[in-house]
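K.L.:
Make a model of the complete structure from these sequences and hints.
There are 2 protein chains.
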Amino acid sequence: MGASNASAGNISVNGRTYQRGTAPVVAICVDGCEIDYLEQAAASGTAPFISGLLQGPSSLRAECVIPAFTNPNNISIATGRPPSVHGICGNFFYDKEAGAEVMMNNPKYLRAGTIFAAFADSGAKVAVVTAKDKLRRLLGKDLQGVCFSAEKADEARLATHGIENVLDLVGMPVPDVYGAELSEFVFAAGVRLLETQRPDLMYLSTTDYVQHKFAPGTAEADAFCAMMDEYLRRLDALGAVVALTADHGMNAKHDQHGAPNVIYLQTLLDDYLGKGTARVILPITDPYVAHHGALGSFATVYLPSHEAANRVIARLVSVRGVQLAIGRDDACKWFELPPDRMGDVVVISQKSYVLGTARERHDLSGLKQPLRSHGGLSEQIVPMLLNRPVRGVDPHRRLRNFDILDLAFNHARA
Amino acid sequence: MGASNASAGNISVNGRTYQRGTAPVVAICVDGCEIDYLEQAAASGTAPFISGLLQGPSSLRAECVIPAFTNPNNISIATGRPPSVHGICGNFFYDKEAGAEVMMNNPKYLRAGTIFAAFADSGAKVAVVTAKDKLRRLLGKDLQGVCFSAEKADEARLATHGIENVLDLVGMPVPDVYGAELSEFVFAAGVRLLETQRPDLMYLSTTDYVQHKFAPGTAEADAFCAMMDEYLRRLDALGAVVALTADHGMNAKHDQHGAPNVIYLQTLLDDYLGKGTARVILPITDPYVAHHGALGSFATVYLPSHEAANRVIARLVSVRGVQLAIGRDDACKWFELPPDRMGDVVVISQKSYVLGTARERHDLSGLKQPLRSHGGLSEQIVPMLLNRPVRGVDPHRRLRNFDILDLAFNHARA
Chain A
1 MGASNASAGN
11 ISVNGRTYQR
21 GTAPVVAICV
31 DGCEIDYLEQ
41 AAASGTAPFI
51 SGLLQGPSSL
61 RAECVIPAFT
71 NPNNISIATG
81 RPPSVHGICG
91 NFFYDKEAGA
101 EVMMNNPKYL
111 RAGTIFAAFA
121 DSGAKVAVVT
131 AKDKLRRLLG
141 KDLQGVCFSA
151 EKADEARLAT
161 HGIENVLDLV
171 GMPVPDVYGA
181 ELSEFVFAAG
191 VRLLETQRPD
201 LMYLSTTDYV
211 QHKFAPGTAE
221 ADAFCAMMDE
231 YLRRLDALGA
241 VVALTADHGM
251 NAKHDQHGAP
261 NVIYLQTLLD
271 DYLGKGTARV
281 ILPITDPYVA
291 HHGALGSFAT
301 VYLPSHEAAN
311 RVIARLVSVR
321 GVQLAIGRDD
331 ACKWFELPPD
341 RMGDVVVISQ
351 KSYVLGTARE
361 RHDLSGLKQP
371 LRSHGGLSEQ
381 IVPMLLNRPV
391 RGVDPHRRLR
401 NFDILDLAFN
411 HARA
Chain B
1 MGASNASAGN
11 ISVNGRTYQR
21 GTAPVVAICV
31 DGCEIDYLEQ
41 AAASGTAPFI
51 SGLLQGPSSL
61 RAECVIPAFT
71 NPNNISIATG
81 RPPSVHGICG
91 NFFYDKEAGA
101 EVMMNNPKYL
111 RAGTIFAAFA
121 DSGAKVAVVT
131 AKDKLRRLLG
141 KDLQGVCFSA
151 EKADEARLAT
161 HGIENVLDLV
171 GMPVPDVYGA
181 ELSEFVFAAG
191 VRLLETQRPD
201 LMYLSTTDYV
211 QHKFAPGTAE
221 ADAFCAMMDE
231 YLRRLDALGA
241 VVALTADHGM
251 NAKHDQHGAP
261 NVIYLQTLLD
271 DYLGKGTARV
281 ILPITDPYVA
291 HHGALGSFAT
301 VYLPSHEAAN
311 RVIARLVSVR
321 GVQLAIGRDD
331 ACKWFELPPD
341 RMGDVVVISQ
351 KSYVLGTARE
361 RHDLSGLKQP
371 LRSHGGLSEQ
381 IVPMLLNRPV
391 RGVDPHRRLR
401 NFDILDLAFN
411 HARA
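If you read the sequences in order, they're chains A and B.
Residue numbering for the first sequence is 1 to 414, as defined by our numbering.
Residue numbering for the second sequence is 1 to 414, as defined by our numbering.
Among these hints, one or two may not hold up.
Note that identical chains are pooled: a pair holds if it fits in a single copy or bridges any two copies.
[Stated by the list, open to error] 25 Å max Cα-Cα, derived SDA-like pairs, lysine to any residue:
1) 275 - 395
2) 275 - 394
3) 351 - 323
4) 351 - 58
5) 351 - 393
6) 275 - 398
7) 141 - 398
8) 351 - 336
9) 141 - 391
10) 351 - 395
11) 351 - 36
12) 152 - 35
13) 351 - 60
14) 275 - 60
15) 275 - 311
16) 275 - 397
17) 351 - 319
Since the hints were made in silico from the structure, they are not lab data.
P.N.:
In structure tokens:
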């Protein structure tokens, strides 16, 4: 059966079933899209289509995965399940046996298949466009379809990415990895793909460079929303089911003078337990840190014993800016995290604080604006907006951002 | 040594030492005082003295005790320590052996002495005024000084309350227990006591009837702040060190139609585990529920086994409005709660949700306005305002509302 006959049958992935309809589904993950960005842009009149979505029948709120970081949430959306199932709980984990910090950007660390791959395997046309290439590699695992990043759009080849000549298709040059254009490229590519290939399922995932720098309601933030607004309107006009959510929210993490509110956990625990006794892992750490300096509101700490873990929790009780510090077992149960990739203690900071390792290990020279970041409970509520009425959702069900494809396929069909 | 010679010596209570100075200290706990109340009243011009405090050198923020309820926080302020030390973690706990819910309003459940009693024992003049009498009984334990409630101001007798003829002193009738006057009486009594008896240490604790009904910036809320403002100004003018904090914040807990967002936990767990297997305790429950219907953002669940506790946590992961559900051990470590008075699972709801037992067990007939309440992480940040510069506080120290007397005695002296 060809891809154009995509209406037949249901597709089951990771214990969930998706009903294939006839209209194309475009799911969008706007990186760092705190609801305030949309509401302020709507209020200022710069985002009329988003304003309509916010006032429409499917203006929902959902909760993201903790840690409120990009990869765990994008992979949750791609698989429809939390990190306890798919295994990606950040950019790094610590391999105790190997004694090494391990980067989880390699698809081999993914423990579940994606909805994208399953759709493609069943004959549906699938397209995935990301801002950064590191995420493209994870999301594209085993996917027989279109999958490329804006960052390396010029490197897309038919054999490896399911598409080539992307720059010609989109009509934009390869954007700078630090800039709003990287995200705009994703939207522009999405519109052109829908116009030319009309995928049954498309996933667009942006980057939060703008959100890290600019607060909701600023000219730059409103301009970003206005840009999104126009592409969303076009996707809607092309007949797609458009569903938008975010990987996490975003909050100011600085004091009234603009200095970042940082808890340097490794330094603090070195002083407390002796140098190197604790190993602090910041799962936000990645090669692109200019906009946040690897400072987020979630950390996990590896310790030599249960007793040391208890001592760390007792110590953190008196540290300004820590909102929660609990043991791995409870953290993994509640936040649905993989125990073998989490430290002995999970630490979450307050809304206006971030967690670091040691001052000398964070390059803050790239921070040209007061720090804005994410990772904790204060960034968990995200928008979930659809351009169709959503029906048949239990009002007591906790909505997650990774329910977006469930809503789009199973509840938003006319 | 007489009470007027109170400047000599330090007083140690519960492992903390307080330096007695010469100026009287007035510590005020404004029940349910979310910072927004003060900021909006300051912005509207109705609270000029508070506005000055907010812009002054000692405009701090502190964290209250979780559960963010009145008694645990007032007792923490009175003892300078968290509930793990003083034992009061709500209005109720469940006595597993006795198979009975036990009310903790009786002073016998208090496991630590108060700072008030220690000051009085060392010869200082102490006065404690509460809005409700239930709190007066706990705060007044072993106190040789003035201690009465606005609610039963007419029942104060020299032998039992350290004072009598309170209505004459204050010049107000006994106020209705449901109304702003109950709190105003506390402030008015404080001013009159300072004028007539000049206690070395005075503690004033109001009630949150107004805050449960009215949002920040409403006419009623601003009027309450304006009332406070005038009394605070007078306390300041009388030469006192004035230190203000709150027992907890306050948030709207309803949907856009004004209906309360309630998770009925007992019903949910009866359906899930079988009737009566779980026992849900809401520590907010007390005899005065008209303004909140015994609905708050904290609950604890008693269960027959560790396995049942794990099942409950796994079930709650998918329930809308639950922000955190963790086991007793981790909850007691992080929130500094007494393990023998907590259930097997601690549940905290999201900012706009509350936890109930069963619909038929909550009388919501007294709710004339959309529900506002407290109890969880979203109500943890409270104001900490002093009318003197605060010196020598470690900037990395987590400030708690129960540090108020430490700040007032040890850090706010000129």
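K.L.:
The structure should be examined with respect to each hint, and the outcome stated for every one.
P.N.:
We went through each hint and held it up to the structure:
1. Taking identical chains as interchangeable, the C-alpha atoms of residue 275 and residue 395 lie at most 25 Å apart only when they sit on different chains, with a minimum of 23 Å there against 50 Å within one chain.
2. Taking the shortest alpha-carbon separations for residue 275 and residue 394, only the inter-copy value of 22 Å comes in at or below 25 Å, while the best intra-copy value is 51 Å.
3. With identical chains, the CA atoms of residue 351 and residue 323 are at most 25 Å apart both within one copy (8 Å) and between copies (15 Å).
4. For the identical chains of this complex, residue 351 and residue 58 are inter-copy neighbours only, at 21 Å across copies versus 28 Å inside a copy, given an alpha-carbon limit of 25 Å.
5. In the homo-oligomer, the alpha carbons of residue 351 and residue 393 lie at most 25 Å apart only across protomers (22 Å), although the nearest pairing inside one protomer, at 30 Å, exceeds that limit.
6. Taking identical chains as interchangeable, the C-alpha atoms of residue 275 and residue 398 lie at most 25 Å apart only when they sit on different chains, with a minimum of 23 Å there against 42 Å within one chain.
7. Within a single copy, residue 141 and residue 398 get their C-alpha atoms no closer than 28 Å, and across copies no closer than 45 Å, so neither meets the 25 Å cut-off.
8. Both within a single protomer and between protomers do residue 351 and residue 336 lie at most 25 Å apart by alpha-carbon distance, with minima of 21 Å and 21 Å respectively.
9. Within a single copy, residue 141 and residue 391 get their C-alpha atoms no closer than 32 Å, and across copies no closer than 57 Å, so neither meets the 25 Å cut-off.
10. Taking CA atoms no more than 25 Å apart as the test, residue 351 paired with residue 395 passes between copies only; the shortest distance there is 17 Å, against 28 Å inside one copy.
11. Taking CA atoms no more than 25 Å apart as the test, residue 351 paired with residue 36 passes in both settings, with 15 Å inside one copy and 16 Å between copies.
12. For the homomeric pair residue 152 and residue 35, neither the shortest alpha-carbon distance inside one copy (29 Å) nor that between copies (47 Å) is at most 25 Å.
13. In this assembly of identical chains, residue 351 and residue 60 lie within 25 Å of each other by CA distance both inside one copy and across copies; the values are 22 Å within and 16 Å between.
14. When the C-alpha separation of residue 275 and residue 60 is checked against a cutoff of 25 Å, the pair qualifies neither within a copy, at 47 Å, nor between copies, at 33 Å.
15. When the C-alpha separation of residue 275 and residue 311 is checked against a cutoff of 25 Å, the pair qualifies only within one copy, where the shortest distance is 15 Å, while the shortest distance between copies is 39 Å.
16. In this assembly of identical chains, residue 275 and residue 397 lie within 25 Å of each other by CA distance solely across copies; the values are 21 Å between and 45 Å within a copy.
17. Taking the shortest Cα distances, residue 351 and residue 319 sit within 25 Å of each other both inside one copy (14 Å) and across copies (23 Å).
Of the numbered hints listed earlier, those contradicted by the structure are 7, 9, 12 and 14.
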